[in-house]
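> Spelled out, the chains give:
Protein chains: 2
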Amino acid sequence: MSAEERQPPFYLGIDLGGTNIKSGVVDDLGRAFEGISIETEAERGPEVGLRNLVEAGNRAVKASGLDWSRITAVGLGSPGTMDIQEGLLLNPPNLPGWVNFPIRLRLGEALSKPTILQNDANAAAYGEYWSGAGRGTNSLVMFTLGTGIGCGIIDHGKVIEGRHSHGAECGHIIIQMEGGRKCSCGRFGHLEAYASATALVKRAIEALAENPKSALAELHNHDELTSRTIHDAAEAGDPLASRLMSDTARYLAVGAVSLMHTIDPDIVLFGGGMIAAGPKLLDTIRGEIKKLAFPVPAEKTRIEYAQLGGDAGFIGAAGCARLKATAEGH
Amino acid sequence: MSAEERQPPFYLGIDLGGTNIKSGVVDDLGRAFEGISIETEAERGPEVGLRNLVEAGNRAVKASGLDWSRITAVGLGSPGTMDIQEGLLLNPPNLPGWVNFPIRLRLGEALSKPTILQNDANAAAYGEYWSGAGRGTNSLVMFTLGTGIGCGIIDHGKVIEGRHSHGAECGHIIIQMEGGRKCSCGRFGHLEAYASATALVKRAIEALAENPKSALAELHNHDELTSRTIHDAAEAGDPLASRLMSDTARYLAVGAVSLMHTIDPDIVLFGGGMIAAGPKLLDTIRGEIKKLAFPVPAEKTRIEYAQLGGDAGFIGAAGCARLKATAEGH
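Chains as they are written, first to last, in our numbering: chain A, -1 to 328; chain B, -1 to 328.
Isolated chain A (complex conformation) (with noise of 0.2 Å):
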């Protein structure tokens, strides 16, 4: 699609994370132009990355083919913690010493235009229900599996962003209070300690102890052991691989269901690395669902695999850009 067949106003969002930063504009319909991807060079510290987030807006509007001036609003997707009503990043993890950066200020004068803060998971839960598999629906929780647990819920249109910009936490609801797995942040029990790429490699590990001929036993010793190659390893028929896929499938269906029963969504979706499983892990977190789950939400809630990759991060940031400047007006 040419720039020409595009439907104006356009936004442009970037996804900025830990490691890179991934850039595109976005028309108003949702259809992204190709999108670029830059280093964030996170450990330099915020001022580097400032430019650098600048850099990605610039070679991002440039393939467009559009002029800046064409360009309504930006939309910057960010790992927390942070305060995105007042547009600060606090502490975040991936990106040590962005310590109380009002990144929103300095971003928006940076590109002199009118810019938001969205929390990354948030963001790329507004993209899928913008323009990817939550399109047409009216709420979606998504769950985004990869080393933690990203999630973001959309009810009628609007993000849950929290009071203290905590909405949507859900890699650290408590599944598993007694005797429950230590999670990344520390806590006890959390859907994260269960079901992320971390914890499934985590869990393989534990139990070679006691499946010592298992075929992940080698790919262990090679250092191969990855949430791809467990899956791997469960597609060709190694018990203990097949095993732990399905408590994953279970582990994350326990998650979906308590979200069910809390927004009662049109849709849940899944997306990150771990989709690239495919069909059959998807087909058994449904099965699960399906015990666990009430009778209705059970039968209607659509559970399907996210759509947009690795672009639903950027793709949400113009749309909550867009979102308000709709709000404003603009």
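One or more of the hints may lead you astray.
It does not matter which identical chain is used: a pair holds within one copy or between any two.
As the list claims (entries may be wrong) - Below, in silico cross-link-like pairs of lysine-lysine (BS3-like), each with a Cα-Cα straight-line distance of 25 Å or less: (1) Lys288 to Lys180; (2) Lys322 to Lys156; (3) Lys298 to Lys156; (4) Lys200 to Lys60; (5) Lys211 to Lys111; (6) Lys156 to Lys289; (7) Lys111 to Lys288; (8) Lys60 to Lys111; (9) Lys289 to Lys60; (10) Lys200 to Lys156; (11) Lys322 to Lys111; (12) Lys111 to Lys289; (13) Lys211 to Lys156; (14) Lys60 to Lys180; (15) Lys60 to Lys288; (16) Lys180 to Lys322.
These are computed hints drawn from the structure, not numbers from a lab.
Let chain A serve as the given structure and place chain B on it in line with the hints.
Same frame as chain A, but now just chain B:
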């Protein structure tokens, strides 16, 4: 306050329970006239129940000293299961035989007023939000502790009803996925299976086997074991009763924290009969929440008891009727 001092327009709220119907008129600021209560006679079926709803409404309007002509709209809170949007009761466990009953239409016809249906726990949460302990907040989660655990969630002034009228069924979030207690709904590990008044008594009876010298044994022998008598025994220093009460507080904190990491509201409220336990239970819940929640919500989220008691349901139902009427410009 006399009728003259109230702020029109006026709304009638009706709270339909399995045993009693409560009703009262509420003014535009959420201030209730004195409410009335009559028996539901639920077992006599929905037609008798409907007559009783009409009778309750008539008595409440009469008690207000207003003429029916001054009532703008009617809100009905009811136990589930239901279809809120369609105004249907589906198959409520507490109203046996009221199956697929178009209660909103029938009640609206009988009273000749615009009428809305709301889940009873949602209505109670909205009541507290509008004119109780949540007044002045922007978002709220309320747990109603009784034989079960009801829940209602308000975000930005809207009730989270859910796509299938299952929003805020948070008595049925999973807090112990492995080896969890059986819930009244038949599933396992739900919050309600640990922290309701019924669950407290059940845990007490189980624990008596290993603590035969507890003061609770005598109560049990006289069939006087209730959440109230267990609380009283704890106050009197019985070690088992004290442990049971502090466990209850911890379970409630687990549920509250999962909601704080999902909705991140301004305030979490506890209501229902169990709050007769008083300030000590609330303080224990607060202490447990501080241990389990992320630092910012742990510090900033207010944790309080509800204030409206048994009137929250009809006040909130009237408030939901007002929301609808206002949106439609009545």
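> Among all the numbered hints in the text so far, which are the ones the structure does not match?
Numbers 4, 5, 6, 7, 9, 10, 12, 13, 14, 15, 16, in rising order.
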